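Participant: The lines below spell out each chain.
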Amino acid sequence: MSTFVEEKPTQTLEPFHGVKKVPHEEYYTSGHRTCQACESAQIMKLMAKAAGPRTVVLGSTGCMYVANTSYYATPWGVPWMHTQLGSSGAAALGAAAAFRAQMRKGAMKDEPINVIAFCGDGGGADMGLNAISATLTHPDYNLLILMYDNESYANTDIQISGTSPYGVNTSFSTPGKMKRIMNHRWKKNMAPMMMIGHPTCKYVSTISTSYPLQAMNSVRRALSVGGPTFIHCLNPCPKGWDFDPVMSFELGELAVNTGIWPLYEIENGKLKLYGKTKDIANGRFKRLPVRDYLLKQGRFAHFIDEDIEFFQSKIDEMWNKWLVPGIVPLQKDLEG
Amino acid sequence: MATLTVPVEEKKKVQEQEALITGAEAIAIACKLANVDVVTAYPIRPYDTVMQYISQLVADGEMDCEYIVAEGEHSQFEIVKHASVCGARTFCGSSGVGWMYAMEALTVSPALRVPMVCMVGNRALDDPGAFGVEHNDALAVRDLGWLLTWVDSAQEALDTALIAYRVAEDRRIFVPLALSCDGAFLTHSQALVNVPTAEQVKKFLPAYNRGDLLLHPDNVISVAPQANEDWVMEIRRQNYAVTEIAPQVIREVYAEFEKVFGRKYGNPFFEEYMTEDADVVLLGMGTLSTPVKVAVRKMREQGQKVGFVRLRWFRPFAGPEIAKTLERFKAIGVIDRDFSFGSPDLSGVVATELRSAMYTTALTHPPVLDFICGLGGREVTVPDVEKMTESVFEAAKGKWQPSTQWIGLRS
Amino acid sequence: MGQLFAVEIIYRGVFQKTLAKNITRGIVLAARNEGKLGISFGRYGDSPERNGIPAKSFAIVANDQETLEAGMAQYEPKQVDVTVVLDDSLCKGAESWAWYGVQPVHHALKAGSTLIVVSLEGKTELLEKIHRRNEPYKLGIVNGAPSFSGMWVYKDDHTDVRMIGAIAKALPQLISFKSVEQFITEKLKNSVKVTSARNAFERFTATEIKPGEGNPEQLLHFTLPGWQKMRDGVSITGQPQGGPYADPVTGEVGGFRPGRNELYKKYTTRTMRPVVNFKTCTKCTLCGLNCPDASFDVTPEGTYDVNLESCCGCGVCEQVCPVKNCISMVNESEFDNNQSQWEAYRKDQDAYLKWLETTIEKAEPIEKRAHGFRYRSQYEKEIPEALEIAAKG
Chain A
1 MSTFVEEKPT QTLEPFHGVK KVPHEEYYTS GHRTCQACES AQIMKLMAKA
51 AGPRTVVLGS TGCMYVANTS YYATPWGVPW MHTQLGSSGA AALGAAAAFR
101 AQMRKGAMKD EPINVIAFCG DGGGADMGLN AISATLTHPD YNLLILMYDN
151 ESYANTDIQI SGTSPYGVNT SFSTPGKMKR IMNHRWKKNM APMMMIGHPT
201 CKYVSTISTS YPLQAMNSVR RALSVGGPTF IHCLNPCPKG WDFDPVMSFE
251 LGELAVNTGI WPLYEIENGK LKLYGKTKDI ANGRFKRLPV RDYLLKQGRF
301 AHFIDEDIEF FQSKIDEMWN KWLVPGIVPL QKDLEG
Chain B
337 MATLTVPVEE KKKVQEQEAL ITGAEAIAIA CKLANVDVVT AYPIRPYDTV
387 MQYISQLVAD GEMDCEYIVA EGEHSQFEIV KHASVCGART FCGSSGVGWM
437 YAMEALTVSP ALRVPMVCMV GNRALDDPGA FGVEHNDALA VRDLGWLLTW
487 VDSAQEALDT ALIAYRVAED RRIFVPLALS CDGAFLTHSQ ALVNVPTAEQ
537 VKKFLPAYNR GDLLLHPDNV ISVAPQANED WVMEIRRQNY AVTEIAPQVI
587 REVYAEFEKV FGRKYGNPFF EEYMTEDADV VLLGMGTLST PVKVAVRKMR
637 EQGQKVGFVR LRWFRPFAGP EIAKTLERFK AIGVIDRDFS FGSPDLSGVV
687 ATELRSAMYT TALTHPPVLD FICGLGGREV TVPDVEKMTE SVFEAAKGKW
737 QPSTQWIGLR S
Chain C
748 MGQLFAVEII YRGVFQKTLA KNITRGIVLA ARNEGKLGIS FGRYGDSPER
798 NGIPAKSFAI VANDQETLEA GMAQYEPKQV DVTVVLDDSL CKGAESWAWY
848 GVQPVHHALK AGSTLIVVSL EGKTELLEKI HRRNEPYKLG IVNGAPSFSG
898 MWVYKDDHTD VRMIGAIAKA LPQLISFKSV EQFITEKLKN SVKVTSARNA
948 FERFTATEIK PGEGNPEQLL HFTLPGWQKM RDGVSITGQP QGGPYADPVT
998 GEVGGFRPGR NELYKKYTTR TMRPVVNFKT CTKCTLCGLN CPDASFDVTP
1048 EGTYDVNLES CCGCGVCEQV CPVKNCISMV NESEFDNNQS QWEAYRKDQD
1098 AYLKWLETTI EKAEPIEKRA HGFRYRSQYE KEIPEALEIA AKG
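In the order they appear, the protein sequences are chains A, B and C. For the first sequence, our numbering gives the first residue as 1, with consecutive numbering after it. For the second sequence, our numbering gives the first residue as 337, with consecutive numbering after it. For the third sequence, our numbering gives the first residue as 748, with consecutive numbering after it.
Chain A on its own, in the form it takes in the complex:
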């Protein structure tokens, strides 16, 4: 790193070695008006728990704003501030810069404060992409941007975003008499985009609420490694995906086990797969057919076999043809 980068110390957040070592304190507690089994709320809880009390959270518009914090009720046990839909990157930067300046001038006690900004897929992959990208280029500021991905603009009653799956039923992509598939875009590869596009960003990962320990440890790592960091979490959404809430955890596992949602961490350029993703890559686990995952959700109930086969072929391509499966969509066989 250039000598002109003035890195400040972060908190040293060691990973939790097992679920029984996880502290009981909650910094995101009950009292939010989210759906039953809302996995986006769950990652908020895990994120806050992992970060601890010396934290400020900036939350951009979305379910985790409107459903969580209806005025006069709040679940947050750490300071929290709303920010605009596309502003998670800017908000994190502003908070980090403010603390840094005041600490340097002696106007505030000098200590490492966790700065976390969260965004949904709408606010992160769509509207807020430029702000996040800019923030990830700032090596001087320690912060985490966490994108909770329920694959839609959920708070506005479910519309497609840049991370919505192919063919999905949402109120902006309704299957109809003429067009069965209104959304024929493929999900954006957010985490790899952040990693490859910002060479000085030290940490990017994907996590799942069905792997809570690893999710918390990823947050802790991101807050400890220094500089701006990015985490992308997949969050099953009983309302938008149309499934019985009891299945929230199971669907998170299925997303991983079908290979649709690969789990990995990239720290200082080194890639580490984890969980079932690692076993899939090593050939120790055969990917479950995507059908098992898709047909458990009402949002794909209109799929015919042709659609499921297409979806499967894209996942197969991701694992069989990509230079780095799930991560870098350059075709192998670059030589020659």
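Since the hints were derived computationally from the structure, they do not count as laboratory data. Nothing here was measured: the structure is a model prediction, and the numbers come from that model. Watch out, some of these pointers could steer you wrong.
[Stated by the list, open to error] Okay, derived cross-link-like pairs now, DSS-like style, lysine-lysine, Cα gap no bigger than 30 Å in a straight line:
hint, chain 1, residue 1, chain 2, residue 2
1, A, Lys8, A, Lys179
2, C, Lys768, C, Lys916
3, A, Lys272, A, Lys188
4, A, Lys105, B, Lys539
5, C, Lys857, C, Lys957
6, A, Lys109, B, Lys539
7, C, Lys768, A, Lys177
8, C, Lys1026, A, Lys20
9, A, Lys278, C, Lys1030
10, C, Lys936, A, Lys179
Given chain A's structure and the hints, the job is docking chains B and C onto it.
Facilitator: Quick look at chains B and C alone, frame taken from chain A:
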């Protein structure tokens, strides 16, 4: 215009330095003196020259702040908004459509009680373009709870920037403030300015203290959970209370400024030029004051009793005070360097607001004519002003004149 | 001024959204057949709806335009002629947003008017949940399990037309069955639905409930502060941290009870609740860890107790618990309070475990009591049973 010449004894005490600087550099210096913590920059003409000056000050070690170049105005203003809530004194700015690109951030800062001070280098909105002056950019936030002020000299720019921090950061206020400087004329022309010392500024400007609204781990609050129809009226009413007390706070701060720096601005809200025995007056904001004053002097030499009122503060709009001042004249001519298409009488913003103030407070209602002039940086010439005044005098005689006229326009 | 009728449907958000709308639209369209005018709308503040969180839908109907406008001049009717409850667990009260507190299910019902509840239970069981009030009303039950579906796939099990049939019986001045039949025939074009509606109409009865009859529980109430008392800058204080708490028997302090939001109790979202076997619990922590609502207290013993004021009944805890029958989701209608299960267990272990056993035995399998879509073609499999009930009325 403030009295620039300070008595010699005062000068010795004060030890101000005289410098030849642009309005933008004057504001940059004010930020340095105010010990600003976080600055965000994004290029757009003509305001961004202030950010170029600040960059040099930071690089030379003369200013200690976080200097962040954003990737767009929306982020630029969002960054300082959050930095301010986390306790930092901030500076930001934009022009024209850049300011518009930030509009979402500008809209929410008053409700969040963010005392950010911003410079607007007034510029025409493009498309259709031009780097030149139009006031519509800053005026676009006039309903949202911002404080808005216009200056017409580099000295006033520097002084008002310091005043702005003191006013905005007063706990009774705590709303954002936009300091408007006409692009090119003010931002880029170098003029003689008395630059105060750091000690003087320290005496005048206390530290920014956010109190229990500070976002920090020692103060567990949730800022801006989503309100609904059960809460929004009460939240807005709190901003209304700010506007009720803002004139008093502004008066207090100007009085304090005079005490510390020795420069007297008199009535903070508007400047009166040759109005004492005038029959008619012209009214406007910003650097059009220079050709207007020159024209007024010329017309006075010819025996015409005309005066000029230069509005400094647009928000709060000192309605009752202006109405009481203007009600004695036989006719008033407002010069709008802005437009408000489809408005009552098709007049510009300043004329429309002035008529409203006269209607509710003034005992008499002289005709108020509006002149749209100088858009996109087109020169407001002395002959233009004479032409406007002629029309105002006709109205003063009781002859019908159009409510709105476009001056200096090719047909 | 002509006569104005208002009907409210209280339902489980998202799960019964389409159902509720079908009912209120049906009322308006049926009334149209009698020359009346009406509108159908959802409660202003409910949107966006969230799974399980109580919501309301309305139909207001009048003989003439002016009277209808008088009804439309309010966001929602403050007094209704019929209240329909589409899930009987809603009888415990409904809280939607965080500051209305919990309202009894008949909060808006005019004196002497009819409350219609979809339930498999009888009047006695329901009156253990429905709160007392000072005015008399009538209670009518439409036999059946609550009909749940989701955002994209609708479970068309005739509940909508059955409810319209029942409403016609409860309030004939609003709509006659003839009008209902005409609506179903012309607009829905489904003669089997006419039969379901007729059966519901003919079988529907309502009994008088006297003032003071019902659940004596005092509900959470909340008064909104004025602008001068509210904090500046749209800010509110955050949640304080929790801590250990006392064993009810020994008084020893231990475990961890998280701080919880006192202003929003989410229990009125539940159609089912978890019951816990503290004896077989292995303290694996997974239930508490995976609960998005932080609804578990860690007991001084290290086991996991559900906080029944905050639990919203999602069922994830049962899914992640590795021990068979340690956490079981049971129909919320079985219970009439939110007392701590662990405290009951500590005070009398044997009695609790016996109670637990019978409770779990009575519990319906997940296919019956869970809510929403689990696999494609699920509703097609479930609808025949629902239609059987519809046939009996």
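Participant: Hints first: check each against the structure and report whether it holds.
Facilitator: Hint check:
{"no.": "1", "hint": "Lys8/A x Lys179/A", "verdict": "violated (54 Å)"}
{"no.": "2", "hint": "Lys768/C x Lys916/C", "verdict": "holds (20 Å)"}
{"no.": "3", "hint": "Lys272/A x Lys188/A", "verdict": "holds (21 Å)"}
{"no.": "4", "hint": "Lys105/A x Lys539/B", "verdict": "holds (18 Å)"}
{"no.": "5", "hint": "Lys857/C x Lys957/C", "verdict": "holds (14 Å)"}
{"no.": "6", "hint": "Lys109/A x Lys539/B", "verdict": "holds (24 Å)"}
{"no.": "7", "hint": "Lys768/C x Lys177/A", "verdict": "holds (23 Å)"}
{"no.": "8", "hint": "Lys1026/C x Lys20/A", "verdict": "holds (19 Å)"}
{"no.": "9", "hint": "Lys278/A x Lys1030/C", "verdict": "holds (29 Å)"}
{"no.": "10", "hint": "Lys936/C x Lys179/A", "verdict": "holds (25 Å)"}
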